[in-house]
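S.K.: Here's the letter readout for the chains.
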Amino acid sequence: MIRHADAKLMLYDLLQNELTPLQRSEVEAHLVVCKECGAELQSLREIITLVPRPDTDASDGRSEQYWNLFASKVEQEVR
Amino acid sequence: MKQTYNVAFGFVRDHDRAEEITQEVFVKVYTSLSSFRGESEFSTWLYRITTNLALNHLKRHKLNEERSVIIADATDVHIERVLHELPTLQRAVVILRHIDGLSTKQVSGILKCSEGTVKTHLFRGLKKMRSKLAFLQEGGI
Chain A
0 MIRHADAKLM LYDLLQNELT PLQRSEVEAH LVVCKECGAE LQSLREIITL
50 VPRPDTDASD GRSEQYWNLF ASKVEQEVR
Chain B
0 MKQTYNVAFG FVRDHDRAEE ITQEVFVKVY TSLSSFRGES EFSTWLYRIT
50 TNLALNHLKR HKLNEERSVI IADATDVHIE RVLHELPTLQ RAVVILRHID
100 GLSTKQVSGI LKCSEGTVKT HLFRGLKKMR SKLAFLQEGG I
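Chains as they are written, first to last, in numbering that gives the first Met the number 0: chain A, 0 to 78; chain B, 0 to 140.
Pulled out of the complex, with its shape left as it was, chain A reads as follows (with noise of 0.2 Å):
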C-alpha cells in the first residue's frame, strides 16, 4: 500500500494523466481512504484550472522568417 506522503505528492500527475496504470490504481485506492488526499486533490485541481498548463507555445506567436532572421542575430552576436 502507498504511504500518504507519497500519496500526496502524486495527485499533480494523477491530475495531469502522468501516472502508470500502478500508480493511479494505488494513489485512486488511497484516495477513497484518506480524506486528507482528497482535500489536497481538490485544490490542485482548483489552481490547475485557474492557471491552466498553455495549450500553446509561446514561440508560436512568432513566424518562420523571425526565427531564421532571430538566428542570425544570434550568429553575429556570438562571432
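Keep in mind the hints are simulated off the structure, nothing from the lab. As the structure is a prediction and not an experimental result, all values here were calculated from the model. A couple of the hints might just be wrong.
[As the list claims (entries may be wrong)] Simulated restraints, written as ranges between beta carbons of each label pair:
#1 A:K34 - B:K111: 35 to 41 Å
#2 B:E84 - A:R44: 17 to 23 Å
#3 B:K58 - A:G60: 23 to 29 Å
#4 B:K58 - A:T48: 29 to 35 Å
#5 A:V31 - B:S33: 54 to 60 Å
#6 B:R36 - A:P20: 35 to 41 Å
#7 A:L21 - B:G37: 29 to 35 Å
#8 A:D59 - B:G37: 29 to 35 Å
#9 A:K34 - B:S31: 47 to 53 Å
#10 A:I47 - B:E84: 17 to 23 Å
#11 A:L30 - B:K58: 36 to 42 Å
#12 A:E35 - B:S31: 44 to 50 Å
#13 B:T30 - A:L21: 42 to 48 Å
Just so you know, even glycine gets a beta-carbon here, dropped at the ideal spot from N, CA and C.
Go by the hints and put chain B onto chain A.
M.R.: Same frame as chain A, but now just chain B:
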C-alpha cells in the same frame, strides 16, 4: 531555440524579454561550450542556463506597476504577482514543470535536485498559489 524561448517566456511572460534572454543563452552556450562535460543531456544543460539567466533577469527587473499595466487581463496580473511571490526554487519548479510542461525528471536535472524535491516544491508552490488566489474564485473575477 524555440524551446529555449518558450522556457524563458514561462519565467518573464513577455516576448521582448524572452527574446533578450534567449539571445543571452546562446551567447553563453557558445562561450561556455568547453565547460559542458556531458554529465547531463545537452538539453538539460541548455535549460539550466536558461533558468539561471531568466531568474537573474527577474531579479534585475523586479515586477513593477508599469509592468502590470501592460497586461490587459486582471486575473493574469494576480496570477503573475502570486507566481513571482513564491520562493525562487518553488517558482522555478512551478514554471518549468507546470507552465512549460517539462517532466519531473527533466526539472530535477535542470535544478540539480531529486525528483522528490521537485514534487515537494511543486505541491507547496501550487498550494500557496491556490490559497493566495482563492479570492479570484470567491469574487468571481
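S.K.: Run every hint past the structure and note whether it holds.
M.R.: Here is how each hint holds up against the structure:
no., hint, result
1, A:K34 - B:K111: 35 to 41 Å, "36 Å, holds"
2, B:E84 - A:R44: 17 to 23 Å, "22 Å, holds"
3, B:K58 - A:G60: 23 to 29 Å, "26 Å, holds"
4, B:K58 - A:T48: 29 to 35 Å, "30 Å, holds"
5, A:V31 - B:S33: 54 to 60 Å, "55 Å, holds"
6, B:R36 - A:P20: 35 to 41 Å, "38 Å, holds"
7, A:L21 - B:G37: 29 to 35 Å, "33 Å, holds"
8, A:D59 - B:G37: 29 to 35 Å, "31 Å, holds"
9, A:K34 - B:S31: 47 to 53 Å, "50 Å, holds"
10, A:I47 - B:E84: 17 to 23 Å, "19 Å, holds"
11, A:L30 - B:K58: 36 to 42 Å, "40 Å, holds"
12, A:E35 - B:S31: 44 to 50 Å, "46 Å, holds"
13, B:T30 - A:L21: 42 to 48 Å, "46 Å, holds"
Checked against the numbered hints given earlier, this structure breaks none of them.
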